[in-house]
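What follows is the residue order along each chain.
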Amino acid sequence: MTTPGVAPPAGRQGPGPLPRALLQALDLRLARRSASPLPGEHHSPGVGQGTELTQLRPYEVGDDVRQLDAAATARTGEPHVRLHVPERALTTWVVIDVSPSMAFGTVDRLKADVAHGVGLAVAQLAVRRGGRLAMLSFGAENPRLLPPSGGRGAVARVRRALEEGVAVDADEPRAPDRGALGKALSRVGKMAKASGLVVLISDFRDEDEWQRPLRRLSLLHSVVTVEISDPRERELPAVGRLAVVDPETGRVVEVDTNRPKLRWKFAAAEADRRAQLAEDLRRAGVQHIELSTEGEWLRDLGRGLR
Amino acid sequence: MTFTSPVALLGLLLIPLLVAALWWREKRPRRDVVRFPAASTLQALVASEPRWPRYVPPALLALALLALTLSFAKPERTVTVADRQASVMLVTDASGSMAATDVEPSRLEAVRAAAKDFLDKVPGDLRVGAMSFAQEPLATTRPTTDRDTVRELIDDTIANGGTGTGDALDVAIKAVRPKGEKDKDKPAAIVLLSDGRTTSGRNPAIVAQRAKELRVPVYTVSLGTPEGTVPGNGAPFPVPPDPETMKRVAQVSGGKFYNVTDSSRLSDIYTRLGRQIGSHEEQRDMSVVFAAAGLLALLAALALSSRRAPALP
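If you read the protein sequences in the order shown, they are chains R and A.
Reading the first sequence from the start, the letters are residues 1 to 306 in our numbering.
Reading the second sequence from the start, the letters are residues 1001 to 1313 in our numbering.
Bear in mind the hints are in silico, worked out from the structure with no lab data behind them.
Check the hints yourself; a few may be wrong.
[Said to hold, decoys possible] From the structure, some residues in chain R lie toward chain A, with a derived Cβ separation under 8 angstroms: (1) L145; (2) V245; (3) D246; (4) V253; (5) K265; (6) A269.
[Stated by the list, open to error] If you only want the chain A side, here are some residues facing chain R, beta carbon under 8 angstroms, derived: (7) F1036; (8) P1037; (9) S1040.
Idealized CB from N, CA, C, for every residue including glycine.
Go ahead and model the full structure; you've got the sequences and the hints to work with.
Here it is in structure tokens:
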């Protein structure tokens, strides 16, 4: 099953190895993040179906008669119902950016490869302990949604979806399709009613409003954002005149990279942008992990989750 | 400016072709672009910079093409070249009738001012002489490049006596052609100003015949109005000009005739004569200038565009 408008990017390196030991360590950290063992640290999902008893109380009109506890009723002579702690199966949402700008990388691998790896690692960890896994991609023409499901099948489905690649470049200059990130976050917010873990993987090159949906999402869910960047996006090399094209809009810009002033301005503008991004994420109260296409992203991910 | 081979101007059609080609190249999808996610940041930086420098090399190229095409058409410029060895005599009537005031401020004063304008206008290496005459030739300066002598003579002229135009003309011809030769390399001319009928000496029309033989055109100016008078014994004495004779002199000798009744027109005519006499027009080939300009523009376009050439092929 393939999604139209999406293809494996040229120069794909793959996410690299995912050593078991590292994943194991990551598991503990992620679990601590999402479901802290101490009660009160997370939103209560309320009472519901489950196996663990939480309370016995007298029957009230409207209660499900199937919940009547025979022993307690007999003991007290009054009808009692038995309430359970609901099943605490953690649902993990992988929200991943597959916009054309992710198909870029100049050091070890593409940004899309790092995103792929992070998605895969999170997926493998999510289905442990009966967890459920869902995925939503954004940035392509057709966002891909995998509804929550559990088990190895879920991981396999996510793996296949991740391997489809990223959206292809714009052929002609076109108006940028902004707001994909905000829409994806709103969509997750609507579908994930119970508290869960949302892992957002993107390069955050969406200039439209996404801060508000993210804040709303972080009220109920534990959100981890993974920002992926490339060293070349932070600084321009001095290589003479360059014509660069924005992969998302197809617009061509001509610059003379031999001019120190331009390089300096570019570095300053990018630093400003990233500082603003960090500030926005901090305000939304979500965790911000910065990954680079350079080096061991898995170690950096673990370090970020600490 | 004229063109010797205007057919080459068809080459100018190349310029729109060049512009169209450059435009097409600009519109064509480029091959040398680099994908860059931070392009929007660059776009914001570049948007604040002026766009015109990118149009300088193509504009220079078009300019070079224009100049080179024009140089193929062999452009020529008309230039005024001073005649070396040329000499001019300013022959001025100084008879009593020149005191008439029908020309402001007086005929003689107007001639003085006009003659000085003439001296100012003629090329520096043109030799100019002057003479004044009444019944017979008075003061004479041989043609010289020393303008002060001539000015002095003009200033010293006094209006008194009759009018001996013919004799004066004869002396003037001898002044510009001392050896009586008709030398083509040494052009000569006479500017004869008179305000009345010849009262003594030879007939000027016959002397003009001699001027023609020696190739000395006589530019004649008849000054004054028919109503001009000078104070006589008791009643004002009428001194009408004699344009007919002057016209004949000009026609016979190959010069031009001007009839003047006021001083500003006199000044105009002397100024014009000053420009005309002692110089002739020549066609100069300008191709070299255009070719050089075109080459320079081409080199500049080359230098600029190589500086602006993309880093990638």
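Hint check:
Given the 8 angstroms rule on beta carbons, the hint for L145(R) is violated: about 25 angstroms separates it from the nearest Cβ of chain A. For V245(R), the suggested interface contact is upheld, since its CB lies about 4 angstroms from the closest CB of chain A, less than 8 angstroms. The interface hint given for D246(R) is met, as the beta carbon of that residue sits about 4 angstroms from the closest beta carbon of chain A, less than 8 angstroms. Here the hint on V253(R) is kept, as its CB sits about 5 angstroms from the closest CB of chain A, short of 8 angstroms.
With a cut of 8 angstroms, the hint placing K265(R) at the interface with chain A holds, because the nearest CB-to-CB distance is about 5 angstroms. The closest approach between the C-beta of A269(R) and any C-beta of chain A is roughly 5 angstroms, which is under the 8 angstroms cut-off, so the hint is satisfied. Annotation: F1036(A) was flagged as interfacial toward chain R, and the flag holds, the nearest CB pair being 4 angstroms apart, inside 8 angstroms. A cut of 8 angstroms between beta carbons decides the hint on P1037(A): the least distance to chain R is about 4 angstroms, and the hint holds.
With 8 angstroms as the threshold, the beta carbon of S1040(A) comes within range of chain R, its nearest partner Cβ sitting at about 6 angstroms, so the hint holds.
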